[in-house]
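Kindly produce the complete structure, drawing on both the sequences and the hints.
As given, the protein sequences belong to chains Z and Y, one line each in that order.
Going by our numbering, the first sequence runs without a break in its numbering and finishes at 429.
Going by our numbering, the second sequence runs without a break in its numbering and finishes at 653.
There could be a bad hint or two in this list.
Restricting the straight-line Cα-Cα distance to at most 20 Å, the calculated cross-link-like pairs of lysine to any residue (SDA-like) are [as the list claims (entries may be wrong)]:
1) Z:K107 with Y:G513
2) Z:K107 with Z:S20
3) Z:K18 with Z:S160
4) Z:K107 with Y:A469
5) Z:K107 with Y:E515
6) Z:K107 with Z:G137
7) Z:K18 with Z:R149
8) Z:K107 with Y:R584
9) Z:K18 with Z:Y100
10) Z:K107 with Y:H538
11) Z:K107 with Z:R135
12) Z:K107 with Y:A534
13) Z:K18 with Z:T155
14) Z:K107 with Y:P516
15) Z:K107 with Y:V517
16) Z:K18 with Z:S70
17) Z:K326 with Z:L307
18) Z:K107 with Z:R80
19) Z:K18 with Z:G95
20) Z:K107 with Z:R76
21) Z:K107 with Y:P587
22) Z:K18 with Z:G66
23) Z:K18 with Z:K107
24) Z:K107 with Y:T585
25) Z:K107 with Z:Q165
26) Z:K326 with Z:R354
Simulated from the structure, these hints should not be mistaken for lab results.
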Amino acid sequence: MSPADILPAASDDSREYKVSWGLSGHARRLLTLALAGLAIAAVTGRPEFAGLAAPAVLLLATWRPGRPDSVLVRVRATARQLVEGDQATVIVTIGGHGDYAVQGEIKARETFEAGPAVRAGAGQDVLRMPFQAQRWGIRRIGRVEIMLRDRFWLTEGQVSVELPQLECYPRPAALRSTVVLSRLPSRLGEHPSRTAGEGVEFAGVREFVPGDRQRRINWAATTRTGTIQLNTFTAERTQNVVVLADASTNVGEEGATSLDLAYRAAAGTMTCYLAAGDRVGLIVYADRLSWIGPGLGRRHFHRLMDLLLSGHRGWERADGLTRLPKAALPPGALILVFSPLLHPRLVEALRDLRERGFSVLVVDVLTAEPAFSRARTDELTRRIWRLEQQAIRFSLTQLGIPVVHWDGQQSLDEPLAPYTRRVMLAGQR
Amino acid sequence: MTAGAPVPDASGGPGAAGGPDTPQRLDGGGWPAQGRRIAAAALLAAVMITWAVAPVSGGGPGTRLALIAAVVCAVASTGRLAIGEEPVSSSPFDPFHVRFTDTVAGVLHALPWAECLIVAVLALEALHHARPWHTAVLGVALLAYVFAAHLAQARTSPAALAGQLPVIAAGVALLALAVGAAALPRLHAGPGSELLRILAVVAAVVAGGLALPVSGRRRPRDSP
Numbered sequence: 001m002s003p004a005d006i007l008p009a010a011s012d013d014s015r016e017y018k019v020s021w022g023l024s025g026h027a028r029r030l031l032t033l034a035l036a037g038l039a040i041a042a043v044t045g046r047p048e049f050a051g052l053a054a055p056a057v058l059l060l061a062t063w064r065p066g067r068p069d070s071v072l073v074r075v076r077a078t079a080r081q082l083v084e085g086d087q088a089t090v091i092v093t094i095g096g097h098g099d100y101a102v103q104g105e106i107k108a109r110e111t112f113e114a115g116p117a118v119r120a121g122a123g124q125d126v127l128r129m130p131f132q133a134q135r136w137g138i139r140r141i142g143r144v145e146i147m148l149r150d151r152f153w154l155t156e157g158q159v160s161v162e163l164p165q166l167e168c169y170p171r172p173a174a175l176r177s178t179v180v181l182s183r184l185p186s187r188l189g190e191h192p193s194r195t196a197g198e199g200v201e202f203a204g205v206r207e208f209v210p211g212d213r214q215r216r217i218n219w220a221a222t223t224r225t226g227t228i229q230l231n232t233f234t235a236e237r238t239q240n241v242v243v244l245a246d247a248s249t250n251v252g253e254e255g256a257t258s259l260d261l262a263y264r265a266a267a268g269t270m271t272c273y274l275a276a277g278d279r280v281g282l283i284v285y286a287d288r289l290s291w292i293g294p295g296l297g298r299r300h301f302h303r304l305m306d307l308l309l310s311g312h313r314g315w316e317r318a319d320g321l322t323r324l325p326k327a328a329l330p331p332g333a334l335i336l337v338f339s340p341l342l343h344p345r346l347v348e349a350l351r352d353l354r355e356r357g358f359s360v361l362v363v364d365v366l367t368a369e370p371a372f373s374r375a376r377t378d379e380l381t382r383r384i385w386r387l388e389q390q391a392i393r394f395s396l397t398q399l400g401i402p403v404v405h406w407d408g409q410q411s412l413d414e415p416l417a418p419y420t421r422r423v424m425l426a427g428q429r
Numbered sequence: 430m431t432a433g434a435p436v437p438d439a440s441g442g443p444g445a446a447g448g449p450d451t452p453q454r455l456d457g458g459g460w461p462a463q464g465r466r467i468a469a470a471a472l473l474a475a476v477m478i479t480w481a482v483a484p485v486s487g488g489g490p491g492t493r494l495a496l497i498a499a500v501v502c503a504v505a506s507t508g509r510l511a512i513g514e515e516p517v518s519s520s521p522f523d524p525f526h527v528r529f530t531d532t533v534a535g536v537l538h539a540l541p542w543a544e545c546l547i548v549a550v551l552a553l554e555a556l557h558h559a560r561p562w563h564t565a566v567l568g569v570a571l572l573a574y575v576f577a578a579h580l581a582q583a584r585t586s587p588a589a590l591a592g593q594l595p596v597i598a599a600g601v602a603l604l605a606l607a608v609g610a611a612a613l614p615r616l617h618a619g620p621g622s623e624l625l626r627i628l629a630v631v632a633a634v635v636a637g638g639l640a641l642p643v644s645g646r647r648r649p650r651d652s653p
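This is the structure:
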């Protein structure tokens with residue numbers, strides 16, 4: 001990574017930090033050995049104990065005064081935004097510490113993992129400390145602990161520098177294919193539609209009528225039929241896709257909870273559809289509802305990801321909403337829902353969407369179930385709970401809302417394959 | 430993805446969830462080496478206690494108490510080296526075993542077990558009759574233990590001690606000198622003679638220490 005890639009972090013320039021000095025554990029042990037040896041020698045009258053204290057006294061005698069009260073520290077991070085699992089580096093430059101040796105370490109918070117510090121070059125007081133983002137979210141990395149030590153490790157000076165905040169995006173689920181509706185809005189895009197137009201995908205052959213472009217004459221068919229035949233092509237259209245990420249419930253093992261899976265799937269879906277030239281919107285269904293209407297481009301992608309991470313932008317309403325707002329749902333949009341389907345109001349909202357004529361596809365991200373003991377009653381409770389979940393999914397399917405399951409391990413293409421291989425009938429039950 | 434990066438590839442890229450590649454973890458290892466350092470410190474602690482207490486029957490009153498204290502301190506100091514110096518924080522909502530482990534870690538952090546071990550071992554040795562060369566060997570073992578604990582606590586290799594070797598060697602030489610002086614046969618017994626002997630040994634040590642040109646040596650460039 002070149003120096004130009006290094007972005008200034010919270011502390012852009014060198015700042016002076018006060019050093020808190022103290023005796024090291026090593027010095028305390030040496031001091032104990034020396035004092036205890038001399039004391040026992042004096043009490044018992046056995047001079048060999050005084051000799052036993054000699055090495056410790058000699059080592060302690062190497063201590064020298066003249067410690068710096070403060071040091072200059074400059075902290076930079078190589079990235080402000082990461083994706084789960086990505087690595088970046090904190091670069092720490094230290095000055096004004098004299099001949100004291102410098103060591104550094106990142107005390108990372110729970111969602112980050114820090115690696116060992118490496119000196120950037122021989123004789124330089126520049127430390128490179130790698131770290132890895134473990135979980136999505138907007139969080140502080142932690143702090144850098146800088147340790148100054150004298151020659152024989154007798155005194156320790158400590159400096160603590162807070163590291164900047166970082167945006168960590170969910171790791172996008174792998175998705176290559178897209179679900180395309182049968183009816184697409186009249187916007188130029190990349191999906192071949194059922195209507196004839198000016199695209200590049202061959203649709204069929206029809207008889208020439210005055211006004212048609214001659215360059216599209218199909219000469220082989222013309223020769224065969226005796227009348228002038230014309231090639232027709234499909235129109236290429238874009239579609240509106242609204243991704244609904246259910247953040248109302250969060251169950252499962254840490255790192256693979258339903259919320260993790262829903263956000264990763266949502267991130268992968270938004271990435272895939274934006275890359276396909278579609279207009280993508282996002283609804284985050286949590287305690288409060290937040291959304292961004294469909295849009296295109298890289299800037300829009302970052303807006304969507306920001307909403308996914310913060311979950312508190314856009315228009316918000318109180319809890320209890322079963323009817324999703326019209327402003328977030330353009331007519332004829334494909335709605336992809338990523339949810340564990342545990343929130344009854346969301347299920348009601350999905351039924352309402354279907355009744356309003358939207359094409360809805362649900363990706364079930366529930367991979368856990370409540371903990372039950374082996375008691376007979378608990379076994380019965382488990383069966384009832386499973387039947388309830390099956391009933392919810394069955395009722396949605398009966399309404400014309402396909403429900404597929406994604407476990408977070410495989411590619412999203414696999415559960416969505418039945419709907420990506422052919423066009424999905426829009427707005428039909 | 431760094432700031433300003435384009436919209437990720439539709440395939441999700443190498444870090445995509447559900448793909449064959451999973452993010453690689455940072456190497457936070459070094460545990461085999463650290464385990465060896467802790468094991469060395471524990472072994473030296475055991476050797477020190479065994480050496481200082483032998484023979485058990487030869488000790489004065491309080492030997493058994495000092496032995497128990499030394500063993501407890503040795504176990505606790507080894508445990509402290511193993512768990513490191515990171516502060517622990519437990520929540521009352523944590524399971525019992527987590528809270529119990531945190532309580533134990535808190536106790537290990539609360540007291541200076543290694544220092545207590547040094548005092549206990551010296552007390553064990555003092556409870557036995559005078560044996561200068563035995564005490565000298567114990568002194569070397571104690572010094573080795575102090576450095577083993579230091580290396581384990583600092584999680585560094587013995588190479589870090591390279592700059593201190595002359596001082597350590599000089600210290601051991603002074604120890605031998607002092608113990609040799611202490612082992613000389615007594616010529617005149619009387620009140621204050623023991624104190625005079627101690628002062629003579631201390632004076633020999635100080636004189637020897639001042640004569641050794643080790644404290645003015647330059648610090649090695651890459652020493653930690």
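Verification of the hints:
Straight-line distance between C-alpha atoms of Z:K107 and Y:G513 comes to about 14 Å, which keeps the hinted pair within the 20 Å bound. A hinted pair counts as satisfied when its Cα atoms are at most 20 Å apart, and Z:K107 with Z:S20 qualifies at roughly 17 Å. For the suggested pair Z:K18 and Z:S160, the alpha carbons sit about 9 Å apart, so the restraint of at most 20 Å is met. Between Z:K107 and Y:A469 the CA atoms are separated by roughly 27 Å; this puts the pair beyond 20 Å, and the hint is violated.
Between Z:K107 and Y:E515, the direct Cα distance comes to roughly 10 Å. Compliance with the 20 Å bound is thereby established for this hinted pair. Between the alpha carbons of Z:K107 and Z:G137 the distance comes to roughly 18 Å, so the proposed pair stays at or under 20 Å and holds. This hinted pair checks out: Z:K18 and Z:R149 have alpha carbons roughly 15 Å apart, not beyond 20 Å. Taking the CA atoms of Z:K107 and Y:R584, the gap is near 16 Å; set against the 20 Å cutoff, the hint holds.
Among the hinted pairs, Z:K18 with Z:Y100 is consistent with the structure: their alpha-carbon atoms are about 15 Å apart, no more than 20 Å. Distance restraint check for Z:K107 and Y:H538: the Cα-Cα separation of roughly 19 Å lies within the 20 Å cut-off, and the hinted pair is therefore satisfied. Taking the CA atoms of Z:K107 and Z:R135, the gap is about 16 Å. The hint holds against a cut of 20 Å. A hinted pair counts as satisfied when its Cα atoms are at most 20 Å apart, and Z:K107 with Y:A534 qualifies at roughly 19 Å.
For the hint linking Z:K18 to Z:T155, the alpha-carbon distance of about 16 Å falls within 20 Å, and the restraint holds. Restraint check: the Cα-Cα separation between Z:K107 and Y:P516 comes to about 12 Å, which is no more than 20 Å; the hinted pair holds. About 14 Å separates the Cα atoms of Z:K107 and Y:V517, which keeps this hinted pair within 20 Å; it holds. As the CA atoms of Z:K18 and Z:S70 are separated by approximately 4 Å, the hinted pair is consistent with the 20 Å bound.
Between Z:K326 and Z:L307 the alpha-carbon distance is near 19 Å, which keeps this suggested pair within the 20 Å criterion. Only pairs whose Cα atoms come within 20 Å are accepted, and Z:K107 paired with Z:R80 is accepted, the gap being roughly 18 Å. Note on Z:K18 and Z:G95: the hinted pairing holds, with a Cα-Cα distance of about 12 Å set against a maximum of 20 Å. The hinted pair formed by Z:K107 and Z:R76 meets the criterion: a straight-line CA distance of about 16 Å does not exceed 20 Å.
A C-alpha spacing of about 25 Å is found between Z:K107 and Y:P587, which places the hinted pair above 20 Å, so the restraint is violated. Restraint check for Z:K18 and Z:G66: the C-alpha separation of about 15 Å stays at or below 20 Å, so the hint holds. Distance hint between Z:K18 and Z:K107 is fulfilled; the C-alpha atoms sit about 19 Å from each other, no more than 20 Å. With a C-alpha separation of about 18 Å, the suggested pair Z:K107 and Y:T585 falls inside the 20 Å cut-off, and the hint holds.
For the hint pairing Z:K107 with Z:Q165, the CA-to-CA distance comes to about 14 Å; that is within 20 Å, so the pair holds. Taking the CA atoms of Z:K326 and Z:R354, the gap is about 13 Å. The hint holds against a cut of 20 Å.
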